[in-house]
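**Student:** Read top to bottom, the protein sequences are chains A and B.
Quick note on our numbering: the first sequence kicks off at 1 and runs consecutively.
Quick note on our numbering: the second sequence kicks off at 1001 and runs consecutively.
I should point out that these hints are in silico values taken from the structure, not numbers from a laboratory.
Just so you know, even glycine gets a beta-carbon here, dropped at the ideal spot from N, CA and C.
Don't take every hint at face value.
Said to hold, decoys possible - Some chain B residues close to chain A (C-beta under 8 Å, calculated; not the full set):
1. Pro1040
2. Gly1043
3. Leu1049
4. Leu1099
5. Trp1101
Stated by the list, open to error - Pairwise CB distance ranges, derived in the manner of DEER restraints:
6. Asn63(A) - Pro1014(B): 43 to 53 Å
7. Arg64(A) - Thr1058(B): 21 to 31 Å
8. Glu85(A) - Gln1002(B): 34 to 44 Å
9. His96(A) - Ser1059(B): 11 to 21 Å
10. Ser9(A) - Ala1010(B): 19 to 29 Å
11. Asn62(A) - Pro1082(B): 23 to 33 Å
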Amino acid sequence: EAGVTQFPSHSVIEKGQTVTLRCDPISGHDNLYWYRRVMGKEIKFLLHFVKESKQDESGMPNNRFLAERTGGTYSTLKVQPAELEDSGVYFCASSHAGPLAGGNEQFFGPGTRLTVL
Amino acid sequence: KQEVTQIPAALSVPEGENLVLNCSFTDSAIYNLQWFRQDPGKGLTSLLLIQSSQREQTSGRLNASLDKSSGRSTLYIAASQPGDSATYLCAVRRSNYQLIWGAGTKLIIKP
Chain A
1 EAGVTQFPSH SVIEKGQTVT LRCDPISGHD NLYWYRRVMG KEIKFLLHFV
51 KESKQDESGM PNNRFLAERT GGTYSTLKVQ PAELEDSGVY FCASSHAGPL
101 AGGNEQFFGP GTRLTVL
Chain B
1001 KQEVTQIPAA LSVPEGENLV LNCSFTDSAI YNLQWFRQDP GKGLTSLLLI
1051 QSSQREQTSG RLNASLDKSS GRSTLYIAAS QPGDSATYLC AVRRSNYQLI
1101 WGAGTKLIIK P
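Please model the entire structure based on the sequences and the hints provided.
**Tutor:** So this is what it looks like as structure tokens:
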């Protein structure tokens, strides 16, 4: 069974440009999460989808970030326009059980390293 | 507000030694705790998940314990090998699904 995949693995863009990150969860996982790690900081939660619905986007830093999950399959995270402080590693994760289940393990993708110059 | 702390930030030990990594959290109302490893430039690999009702979990040479009342978890690595060198992260999940992360312990196993 394929794991969580993310594309691209690395993106370098200029300040003010737009970047779209993609995440394909493990097949059958209804829950999909985005996290990010900026330089020198802990990993932080961004948002959570249950199927195609945004369950919680309380971690999204501002309205320059837009996440979608069309059809409840893959998800995209768009940053428009990108700023220097958006640089970091963006991780996607997915899990199988319902969000209140105590044991639902989150499985992570390899991450996308975003560099904004 | 849940805070997760990992001590030490870095650890270097000779191959073959047993070692313990520590994770502490400020709010004992957690649903589970996960330990991950991250290799340089790589993603996050889940090592062990301990549910709030459990005291420990084992996988191979790894054993993770959980003491909710004291807000502590430990990851015990037996007979360390150079391939165990990585950054180890712990993350706790509260009543929602968000994982709250520690900063990690960078482990180096010297051959």
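**Student:** Can you let me know if the beta-carbon spacing of His96(A) and Ser1059(B) is within 11 to 21 Å?
**Tutor:** At 19 Å between Cβs, range holds.
**Student:** Using the beta carbons of Arg64(A) and Thr1058(B), state whether their distance is inside 21 to 31 Å or not.
**Tutor:** 44 Å, violated
**Student:** So, as I understand it, the hint says Leu1099(B) touches chain A; can you test that by seeing if any CB pair is closer than 8 Å?
**Tutor:** Given a least distance of 6 Å, the restraint on Leu1099(B) holds.
**Student:** Does Trp1101(B) meet its interface restraint, that is, does its C-beta lie within less than 8 Å of any C-beta in chain A?
**Tutor:** Hint holds; Trp1101(B) Cβ to chain A Cβ min 4 Å, cut 8 Å.
**Student:** Mind checking the hinted window 34 to 44 Å against the Cβ distance between Glu85(A) and Gln1002(B)?
**Tutor:** 24 Å, violated
**Student:** Go ahead and decide if the range 19 to 29 Å is satisfied by the Cβ distance of Ser9(A) to Ala1010(B).
**Tutor:** Once the Cβ atoms are compared, 26 Å apart, the range 19 to 29 Å for Ala1010(B) and Ser9(A) holds.
**Student:** For the range 23 to 33 Å, tell me whether the beta carbons of Asn62(A) and Pro1082(B) fit it or not.
**Tutor:** 43 Å, violated
**Student:** Note whether the CB distance of Asn63(A) and Pro1014(B) lies within 43 to 53 Å or breaks it.
**Tutor:** 51 Å, holds
**Student:** Identify whether the interface hint at Pro1040(B) stands, where standing means a beta carbon of chain A within less than 8 Å of its own.
**Tutor:** 12 Å, violated
**Student:** Verify the interface restraint on Gly1043(B): the C-beta must sit less than 8 Å from at least one C-beta of chain A.
**Tutor:** With Cβ-Cβ at 4 Å, under 8 Å, it holds.
**Student:** Per the CB criterion, is Leu1049(B) less than 8 Å away from chain A?
**Tutor:** This interface hint holds because 5 Å falls under the 8 Å limit.
Hints 1, 7, 8, 11 from the list above are not met by this structure, while the remaining hints are.
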